[in-house]
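Novice: The chain contents come next:
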Amino acid sequence: MDFMLTKQHEMARTLFKEFAEKEVKPLAQEVDETEVFPRGTVEKMAKAGFLGIPVPKEYGGQGCDPLTYAMCVEELSKVCGTTGVIVSAHTSLCCDPIQTYGTEEQKQKYLVPLAKGEKLGAFGLTEPGAGTDAQGQQTKAVLDGDEWVLNGSKIFITNGKEADIYVIFAVTSVVTDAKGRSKKMISAFIVEKGTPGFTFGTKEKKMGIRGSSTYELIFTDCRIPKENLLGQEGKGFGIAMHTLDGGRIGIAAQALGIAEGALDRTIEYVKERKQFGRAIGAFQNTQFQLADMATKVQAAQMMVYRAAMAKATQKVYSVEAAMAKLYAAEVAMEVTTKAVQLHGGYGYIREYDVERMMRDAKITEIYEGTSEVQRMVISGSLLK
Amino acid sequence: MKIVVCVKQVPDTKGGVKFNPDGTLDRGAMLTIMNPDDKAGLEAALRLKDQYGAEVTVVTMGLPKAEEVLREAMAMGADKGILVTDRVLGGADTWATSQTLAGAIRNLEYDLIITGRQAIDGDTAQVGPQISEHLGIPVISYAQKIEIEGDSVIVERQYDDRYHVLKAKMPCLITALAELNEPRYMTPGGIFDAYKADITVWGRADLKDVEDSNLGLKGSPTQIAKASDKVRKGAGEKVTLDAAESVDYIIDKLKVKHVI
Numbered sequence: 005m006d007f008m009l010t011k012q013h014e015m016a017r018t019l020f021k022e023f024a025e026k027e028v029k030p031l032a033q034e035v036d037e038t039e040v041f042p043r044g045t046v047e048k049m050a051k052a053g054f055l056g057i058p059v060p061k062e063y064g065g066q067g068c069d070p071l072t073y074a075m076c077v078e079e080l081s082k083v084c085g086t087t088g089v090i091v092s093a094h095t096s097l098c099c100d101p102i103q104t105y106g107t108e109e110q111k112q113k114y115l116v117p118l119a120k121g122e123k124l125g126a127f128g129l130t131e132p133g134a135g136t137d138a139q140g141q142q143t144k145a146v147l148d149g150d151e152w153v154l155n156g157s158k159i160f161i162t163n164g165k166e167a168d169i170y171v172i173f174a175v176t177s178v179v180t181d182a183k184g185r186s187k188k189m190i191s192a193f194i195v196e197k198g199t200p201g202f203t204f205g206t207k208e209k210k211m212g213i214r215g216s217s218t219y220e221l222i223f224t225d226c227r228i229p230k231e232n233l234l235g236q237e238g239k240g241f242g243i244a245m246h247t248l249d250g251g252r253i254g255i256a257a258q259a260l261g262i263a264e265g266a267l268d269r270t271i272e273y274v275k276e277r278k279q280f281g282r283a284i285g286a287f288q289n290t291q292f293q294l295a296d297m298a299t300k301v302q303a304a305q306m307m308v309y310r311a312a313m314a315k316a317t318q319k320v321y322s323v324e325a326a327m328a329k330l331y332a333a334e335v336a337m338e339v340t341t342k343a344v345q346l347h348g349g350y351g352y353i354r355e356y357d358v359e360r361m362m363r364d365a366k367i368t369e370i371y372e373g374t375s376e377v378q379r380m381v382i383s384g385s386l387l388k
Numbered sequence: 031m032k033i034v035v036c037v038k039q040v041p042d043t044k045g046g047v048k049f050n051p052d053g054t055l056d057r058g059a060m061l062t063i064m065n066p067d068d069k070a071g072l073e074a075a076l077r078l079k080d081q082y083g084a085e086v087t088v089v090t091m092g093l094p095k096a097e098e099v100l101r102e103a104m105a106m107g108a109d110k111g112i113l114v115t116d117r118v119l120g121g122a123d124t125w126a127t128s129q130t131l132a133g134a135i136r137n138l139e140y141d142l143i144i145t146g147r148q149a150i151d152g153d154t155a156q157v158g159p160q161i162s163e164h165l166g167i168p169v170i171s172y173a174q175k176i177e178i179e180g181d182s183v184i185v186e187r188q189y190d191d192r193y194h195v196l197k198a199k200m201p202c203l204i205t206a207l208a209e210l211n212e213p214r215y216m217t218p219g220g221i222f223d224a225y226k227a228d229i230t231v232w233g234r235a236d237l238k239d240v241e242d243s244n245l246g247l248k249g250s251p252t253q254i255a256k257a258s259d260k261v262r263k264g265a266g267e268k269v270t271l272d273a274a275e276s277v278d279y280i281i282d283k284l285k286v287k288h289v290i
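Residue numbers (the numbering used here), protein chains in the order written: chain A, 5 to 388; chain B, 31 to 290.
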């Protein structure tokens, strides 16, 4: 078992770090404060190839492995959780399902511009009554001639309104199983922004990742071409679950990055801040807190990288992804909370990055499967 | 068009400077980067490649570890990398370095050679012009803008308060300033491709038309007697005066120092 990163990965990290420090960090506070989507940064990331890292070169991507992609999200999130999730949602939740389930035509039409960063992607599964319980879907799609007609709405959609291409899930039929229970059959579709009948509702005002654009999507007799069905009809639930397995690695990397960023800021701070005539880093409480934080961050990194490697080498990696996300998200929350505590009153002030990081960390325990869902996935694999 | 870009792997001064007991730089102990002026030169070459189509070959002289800087250049878009490394080339000053690089470049076809103005670890600004002298081609230094017109290159050469527009027939050598452009980032895919690509490694035997007496420490007319970290000149003096008083104060000080 080799714990060393290759030279390629080390150089990729240098690239991501340099980009994050130079292009993302100076805007992080403003993006949070104004809640404005960092379009300029997205354009720069597109130019640098950050929006198609794990997509094969023949589809406009960079042809790198999932680990390189996870490292990109990690380094971006170290300085700005918003920027990290923009890349994660675009790559894991939109590029990945089209790459995995799309026809050649769909890949040429949608994956190529997504991977090149000419278009931004999003994913719509969650509904007011269907969060963790994806079976509670109300959005419907009915085939009418050569078109699918979508009706319903999606909420909490990351990259909403800013994205050009959306992978949307809708109920296409209801079947009765052997025990007489009805079961909704869900299908996945590719929907372009600007399609008549596809509009945006309210923009959510969030606790953290405030520059990330979170919108309600509304479909009112929205007609899309028949060929925009993604994968097989009725197989959408499997597509959604498989997509979220990959997405969890992205969010785990985001959580890891936030935790690392908070730890870095705290190490700098405790060396400078003086109380009782000494730097607070000289107090054993500070030292022990930092030791615990660093140890957990490193453990989280191992799990995230292992899950990313599993995506590259294994057909099924649900448990690795669930464990990585569960652990990294909880570490992010714990580390950022401790970071604020070690900053004292200053940590509660918006001028200090750790205040933002603590707010940003919370969502990693909730979206793309709550920590409770991750525990269900993990325990399910233990008890099957 | 064929462009050769000379780059140097230099210590990243942001990470602190470390010395060996004999006063020379402890390069192994320091983080390294591509010299900023050279990176601007590489970017200029890559832009010419984008605009006119060109093959960009990057050459560096250094320890085997300097291969990293070639991979970085290739991850940015350079086509080929050549590492010139040999024990007998160690300890070279600017004269021996330029002789070495000229000896390597004589093996290559080129229309344009671009070097950085100077390296941040030596600040001599001599190697570029010396290479042109050895190769017998024109040099335009301190380039802040580069354009191609037919078989000529048109360059804005920077001065403190103005610039000159110079035109030279190719082949010629240009030295680039970091201010010339904002170098592009490597791409993630470019990094992985760069590590799959072969780097050409040349030693002393591969250098063309160079005398042994012009190489390495023995071929270096200058030797470093001592090197040290920057010594603080003092805290300076801070005064709070209004504008008119400030002018008088500064003029008095300059008079005392016989500057005016």
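Bear in mind the hints are in silico, worked out from the structure with no lab data behind them. Take these hints with a grain of salt, some might be off.
[What the hints assert, rightly or not] Here are some chain B residues pointing at chain A (derived, C-beta under 10 angstroms): (1) Pro94; (2) Asp109; (3) Lys110; (4) Lys175; (5) Glu179; (6) Gly180; (7) Ser182.
[Stated by the list, open to error] Derived DEER-like restraints, expressed as beta-carbon distance ranges: (8) A:Gln33 to B:Arg192: 36 to 44 angstroms; (9) A:Leu9 to B:Asp42: 36 to 44 angstroms; (10) B:Lys238 to A:Glu14: 20 to 28 angstroms; (11) B:Leu271 to A:Phe287: 51 to 59 angstroms; (12) A:Phe287 to B:Asp42: 26 to 34 angstroms; (13) A:Glu109 to B:Glu163: 41 to 49 angstroms; (14) A:Lys11 to B:Val118: 26 to 34 angstroms; (15) A:Gln345 to B:Lys175: 31 to 39 angstroms.
Just so it is clear, CB atoms sit at the ideal spot from N, CA and C, and this is done for glycine as well.
Novice: Each of the hints needs a verdict: does it hold here or not?
Specialist: Status of each hint after checking the structure:
1. Pro94: 13 angstroms, violated
2. Asp109: This interface hint is violated because 17 angstroms lies over the 10 angstroms limit.
3. Lys110: Not OK, violated: lysine 110 of chain B not within 10 angstroms of chain A, min 18 angstroms.
4. Lys175: 22 angstroms, violated
5. Glu179: 28 angstroms, violated
6. Gly180: Constraint on glycine 180 of chain B not satisfied, violated at 31 angstroms.
7. Ser182: 31 angstroms, violated
8. A:Gln33 to B:Arg192: 36 to 44 angstroms: 40 angstroms Cβ-Cβ, so the 36 to 44 angstroms window holds.
9. A:Leu9 to B:Asp42: 36 to 44 angstroms: 19 angstroms, violated
10. B:Lys238 to A:Glu14: 20 to 28 angstroms: Violated, since lysine 238 of chain B and glutamate 14 of chain A (Cβ atoms, about 35 angstroms apart) do not stay within the stated range.
11. B:Leu271 to A:Phe287: 51 to 59 angstroms: Given range 51 to 59 angstroms: violated, Cβ gap about 44 angstroms.
12. A:Phe287 to B:Asp42: 26 to 34 angstroms: Since the Cβ atoms of phenylalanine 287 of chain A and aspartate 42 of chain B sit about 33 angstroms apart, the hinted range of 26 to 34 angstroms holds.
13. A:Glu109 to B:Glu163: 41 to 49 angstroms: 60 angstroms, violated
14. A:Lys11 to B:Val118: 26 to 34 angstroms: At 27 angstroms between Cβs, range holds.
15. A:Gln345 to B:Lys175: 31 to 39 angstroms: 53 angstroms, violated
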